[in-house]
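Undergrad: Chains as they are written, first to last, in the working numbering: chain A, 1 to 434; chain B, 435 to 868; chain C, 869 to 1302; chain D, 1303 to 1736.
One thing to keep in mind: the hints can contain errors.
Distance windows between CB atoms, simulated [to be verified]: (1) ASP193/A / ASP1644/D: 27 to 35 Å; (2) ASP1644/D / ALA1246/C: 29 to 37 Å; (3) SER1295/C / GLU1596/D: 40 to 48 Å; (4) GLU728/B / GLU915/C: 57 to 65 Å; (5) ASP1538/D / GLU265/A: 44 to 52 Å; (6) GLU728/B / SER898/C: 56 to 64 Å; (7) ALA597/B / GLN940/C: 37 to 45 Å; (8) GLN72/A / GLN1065/C: 51 to 59 Å; (9) GLU915/C / GLU622/B: 44 to 52 Å; (10) ASP971/C / ALA240/A: 38 to 46 Å; (11) LEU509/B / GLY186/A: 54 to 62 Å; (12) SER898/C / GLY1544/D: 54 to 62 Å.
List time: in silico DSBU-like cross-link candidates among lysine-lysine, alpha-carbon distance up to 30 Å [claimed, not checked]: (13) LYS939/C / LYS1541/D; (14) LYS1437/D / LYS673/B; (15) LYS1373/D / LYS1437/D.
The set of hints was computed from the structure by calculation and includes no laboratory data.
Note that beta-carbon positions come from the ideal geometry of N, C-alpha and C, so glycine has one too.
4 protein chains.
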Amino acid sequence: MTMKPKPSGAIPDRMIYERRESGVRSYARSMPRQFGKAEGVWMHDSEGGRYLDFLSGCSTLNYGHNHPLLKQALLDYIAADGIAHGLDLHTDAKEAFLRTFEDVILTPRGLDYRLMFTGPTGTNAVEAAIKLARKVTGREMVIAFTNGFHGMTLGALACTGNAAKRGGAGVPLSHVAHEPYDGYYGPEVDTADLLDQRLSDPSSGLDAPAAILVETVQGEGGLNAASPEWLRRIADIAKAHGALLIVDDIQAGCGRTGGFFSFEEMGFTPDIITMAKSLSGMGLPFALTLFRPEFDQFSPGEHNGTFRGNNHAFVTATAALRHFWSDGAFQVDVRRRGDLLDARLTRIAARYGFETRGRGMMRGINTGSGELAGTVTAACFDAGLIIETSGAHDEVIKVLAPLVIDDATLGVGLDILETRIREAMTSEYAVAAE
Amino acid sequence: MTMKPKPSGAIPDRMIYERRESGVRSYARSMPRQFGKAEGVWMHDSEGGRYLDFLSGCSTLNYGHNHPLLKQALLDYIAADGIAHGLDLHTDAKEAFLRTFEDVILTPRGLDYRLMFTGPTGTNAVEAAIKLARKVTGREMVIAFTNGFHGMTLGALACTGNAAKRGGAGVPLSHVAHEPYDGYYGPEVDTADLLDQRLSDPSSGLDAPAAILVETVQGEGGLNAASPEWLRRIADIAKAHGALLIVDDIQAGCGRTGGFFSFEEMGFTPDIITMAKSLSGMGLPFALTLFRPEFDQFSPGEHNGTFRGNNHAFVTATAALRHFWSDGAFQVDVRRRGDLLDARLTRIAARYGFETRGRGMMRGINTGSGELAGTVTAACFDAGLIIETSGAHDEVIKVLAPLVIDDATLGVGLDILETRIREAMTSEYAVAAE
Amino acid sequence: MTMKPKPSGAIPDRMIYERRESGVRSYARSMPRQFGKAEGVWMHDSEGGRYLDFLSGCSTLNYGHNHPLLKQALLDYIAADGIAHGLDLHTDAKEAFLRTFEDVILTPRGLDYRLMFTGPTGTNAVEAAIKLARKVTGREMVIAFTNGFHGMTLGALACTGNAAKRGGAGVPLSHVAHEPYDGYYGPEVDTADLLDQRLSDPSSGLDAPAAILVETVQGEGGLNAASPEWLRRIADIAKAHGALLIVDDIQAGCGRTGGFFSFEEMGFTPDIITMAKSLSGMGLPFALTLFRPEFDQFSPGEHNGTFRGNNHAFVTATAALRHFWSDGAFQVDVRRRGDLLDARLTRIAARYGFETRGRGMMRGINTGSGELAGTVTAACFDAGLIIETSGAHDEVIKVLAPLVIDDATLGVGLDILETRIREAMTSEYAVAAE
Amino acid sequence: MTMKPKPSGAIPDRMIYERRESGVRSYARSMPRQFGKAEGVWMHDSEGGRYLDFLSGCSTLNYGHNHPLLKQALLDYIAADGIAHGLDLHTDAKEAFLRTFEDVILTPRGLDYRLMFTGPTGTNAVEAAIKLARKVTGREMVIAFTNGFHGMTLGALACTGNAAKRGGAGVPLSHVAHEPYDGYYGPEVDTADLLDQRLSDPSSGLDAPAAILVETVQGEGGLNAASPEWLRRIADIAKAHGALLIVDDIQAGCGRTGGFFSFEEMGFTPDIITMAKSLSGMGLPFALTLFRPEFDQFSPGEHNGTFRGNNHAFVTATAALRHFWSDGAFQVDVRRRGDLLDARLTRIAARYGFETRGRGMMRGINTGSGELAGTVTAACFDAGLIIETSGAHDEVIKVLAPLVIDDATLGVGLDILETRIREAMTSEYAVAAE
């Protein structure tokens, strides 16, 4: 295995990015290669380098790159002149997706949701969700949580915690209160109690909320995983105070934490769910907002969008649902592999007094230092492993391998990670500690 | 030619939409068929019906459905395991797109813009544009126009004029002032003068704007086409008052009005441009925000989004740019065909005292009545022609045929339209007028 | 008559203002004297200077300073240990005021209003008015006008046009649209038509308003006087679109324009009226919000304030209502004197090609230049006449003499004004014009 | 002593309130008498009843009603035709007030503040304070606290916690975050820590604040008294995070808690202080915003108001400062009497398992039930004692006697209170508890 890319030089054709692409680009800075093709867990750059992908498009490629079954379904569809773009018209591809989602996902779980095809980005699904909650309740305030991440358009951005992202708004972000997530004040403080107290107090200044918007695991916020007990409390609090419970399952859903939904078997049912990222299965833009039928209260076209009928995504999503979710095998395997990952990360972390974070195949190591974590991930990239950080200070090294990775390859990637952590700790950081 | 679809009956499998798709769906209501495949200007339903498409995904399919060259480029790319999803990493497909956009679009027009790959929806491109304008100017208020349409997420929705769409927000939409568009108060009143007077008056209550956001032709707002003189005035006013000029070219761009940009040869250069819809050429989700290099001021990742690197769209967009825009032939042909369309619509309109609206291949007839326009478009659909309405009261019948349509087929569609208008006017409306 | 004050020197005790009073002070800068006592139309400074008051506390002293009847009523009340402060408890003084207001003001005019004792400032009365309109209609947007002035607290400030005042907010001012006032676009354009068109258009982007808030004469905005026809149109438009009509009569009411209310005999009845300034008759803080009984919908205490029961003001207000408004004599006299003022100002203005502005005893000369107007008013002050400017550029010299001034003394003041205008025009401005 | 008022009957002249006063009136409902005169600690109704005042205009009458010295100073001033209203012109009365405030209050305490004469209501002082903090810092968000009360105009109302008051706004109240006050989550949780953690976390979603606005004792919010330690922490947190510390001393200042300012001897110095209520000493409308000289950054007139120069209030305020604050005797006496009050209330409360609240002469008993507290205060009123409740559920009986009350009379009032509590507990509540 030669994952090491060729040494980079001053390759002139890269100047096109400097010349024409906005400086807002980010991942391309820490991974300064140009990629051409990818299959499964591997990405290939234009200089012959091969990379093991522990980022998976931030959980957008849970089934790996260009999965053969999905790819073939899409090739067949395009070759047959299947509808690519159809606004929100009924199409064969949409029908197949709806049926499959009903048969494979909803019915077996005893869930009853309506599907809203929003514009095909997560932020759009979140915007639709909070608009709907405000419309249904007649209230304006939404409760979101510390370290939450929900998107970049103005409504979703107001729900996002990160100050740098928020600062980009250019206007004050309002109608949202950010409350402490599970464990935010340490294990002694039950933040659900704090929230309940304030919502129950007519003089707290916290207005009655339209919705409580929560991630079960905070992907961007540092892989904080809420406990089932806390989530149930939040669900109860929402109900008690007349608010809708919105679970943003964009990153944690589609199997990343084990089940198709991240909240399965936890004993509560959200009023609204947002999905995107791995929904299409192949990385194609696709987003959904699900809600209980009684909240299906938008007028026709009240929320619309040109690309809300991305039929290519319907095709690959249908293939993915059928292949991976028709029975429980995939889910069992992901959970088993998640435990494996957990065991390995815990061992690494313990060596340096670090903590692990996360749930299922969405786990990481909190190094406590953004500088250290950045040093490690940069060294990993040089060694052929694509891996990123997360958290308020980028201090958490985040393992988001494709769920379909085999155990051996997962081990290879973790070996690279372990080695780079050890090297980083041995050199500067260890020295600094003396 | 038998465009007439099979008579519809109570086909049970349609219940999936009732059962599972949100009531927010809209086009599917006025065009109650299920579509399977499409090529060029034709769409096919599941019952054997064939439809001539005068809607083109609201100008998303300017080159028709599944154009053979674009389709082949995409098939080849997928077959070779080309990167589908790459966050904002450099990829071969992105490089090719950037180079092509520079060579084919920017350089020949003497334009210098940076490209920001926003989330692949128009509303996201608009959100990025107004965030940037607010950041650059340090101001908060944006001026948009009556009947403008810019998207459904909270920041873009605040810029949208339509009351029904705005009502969906559930919170007050702020930081935007809606000013009268060109001709809004009739031909006697120069609305640019009105705007200039208020911006020049320190006691007008109109705060200094971060941006003026304008469509050159209002696609959803009734096909109102601003005059070049008015647009130049608006550009001058923006400059004089320290605001950035944003042209929302999502619907009017990509050749719809003749040139690649809708403002070409008008004598002004926008500070920011938003693009989406036909950008990918094949209906795939893709959006761009362009800005002058001096305004490239976002920090890395300050505005991001999972699907900002839709490489399938890069591939088809590149193929479309190369095929249609490498020389001026396509543009000349579109303009010629636009004149043809204009002549025909003017003749039809004149017969009933109606007015025409629009520019290039983005034209329509203002019937003055949403009920009448709806009757006509429904009858057209029954006759195998997909066509929609626009405007504050849905009173404008809107012709958005693919730009690649041949003259004969355009004529066939217009024949259908003309006949249905005549029938509608002969029956109830004529009767009512007696 | 020796109105000329003693020449000022470096009097050390003035340093207390530099040392302790905020730089936000304003009038004290253009009138750098210290005043001790005042009676009727005269103010006296600490250096023996006497000043004729053509400012009247910006129309707060319509009955002059320390009117003997009001003063005696207040002295008697205080001497008898009358309640000074009673929150909103019933008091003898409040009862007397309510009865008098009913008998002297409401009943003779056939008006039926409820009185709300807000905090005793105009801005508080405006805040209560717009809160109530929003509560009653369930809408959020308020329409105010260019050059309108309604106060400095956040809700009222959002309705104020002046950019320098607005800039002090430190947050975006929202939920208000500023529309052009009568005559704003010149005599050819009926701005009521423009407003009606936009409110009638569901795609204009102008949300349905809770209220239209208007001054009949814009005191701070340059003495623009709306025509009765335009005001009736605005009243009709408010009604047609489900908005409440709020007349802010804080400066123009209490006789300043002739009648007790500035809109009398114009053929419409506001839904809400705000009053303050001359209401107490002696310059004591007092404000009222009046509304039709059907809009009396605040819950007990929903809007409150410590000083909403300023009983001293009730006492002087009652005395003023009884003395000046029990019959029509005062009103007739004010109108006659207003005509006198108009004739004189018109003559002066005509000489220099200036225009006059205003109505009743609220009139001025638009010099077209803030610098010129400031030169004139400064020279007037040196000559013993207190007079100020108004308008977006402070270009209007504003005559707000006490309504009780006798014709001769009014003439004395206008002589001073005329002379200073002539001097200013003869010297620099005339020279500059050569 | 016959405090018992005459039995009330259906006195017809009260109908004027029903007919003409807005239903927003509140105190007049629970104290259905009409008052005529008052002196010291006593109020007299129109039916011969005499009431001991334990409300003091919500701490507006700290020196009692119509204090002879203040009353005489005002009578002399009015009799001599002293300026009543002078906008913000320099006057003898203002100069005397400024000098006295400097000599008696600032210099002895080593404090250096500029005084801004805002409109004469507490809410106006708060609006000016938060406008200034936003202007100085360039930030928009203000941190206020649970159960805080700061006024009814839109900017101050956003800082107020009470849901019923907030609901009156009719628009969402934004740019303010409400954080838990000292002790809000019980004695175990240090809410200053919670605040510091969130402000220190760039992903908490809590934007960097312009100001932290705090009452040292929450008068309307239930007499919660913050500890000096907590207040010092808040002051440190404000400083560390670049926010200005605003102490709203409108109710707790002017001697109510012992010192002239409520934060004296606590080891921190606010950046901005708001004052009103007892400032004039006689219940006349008067408010001040104080700030450190370096924050004196408003432009001339940037915040103004017609009644910002209430000279009558300057006169009585000057007399009050000289008489009560020239030496420490008054302060010593108030503290002693506060201890007396505390001892007595503690004894009463202990008997029923209630808790006491507050500090200095601003104390009360938390009965835990708004119904019980209301029953007691109503019974007190019938017995000739004016006393009110406070807190989110009106559950705290609040003793706000004039500070000048003699010990014996204080005892008389407390006897009434004690008896009514015992009666209430003996009857229904005790019965209910069986």
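Undergrad: Any of the earlier hints contradicted here, and which numbers?
TA: 2, 6, 7, 9, 10, 12, 13 and 15
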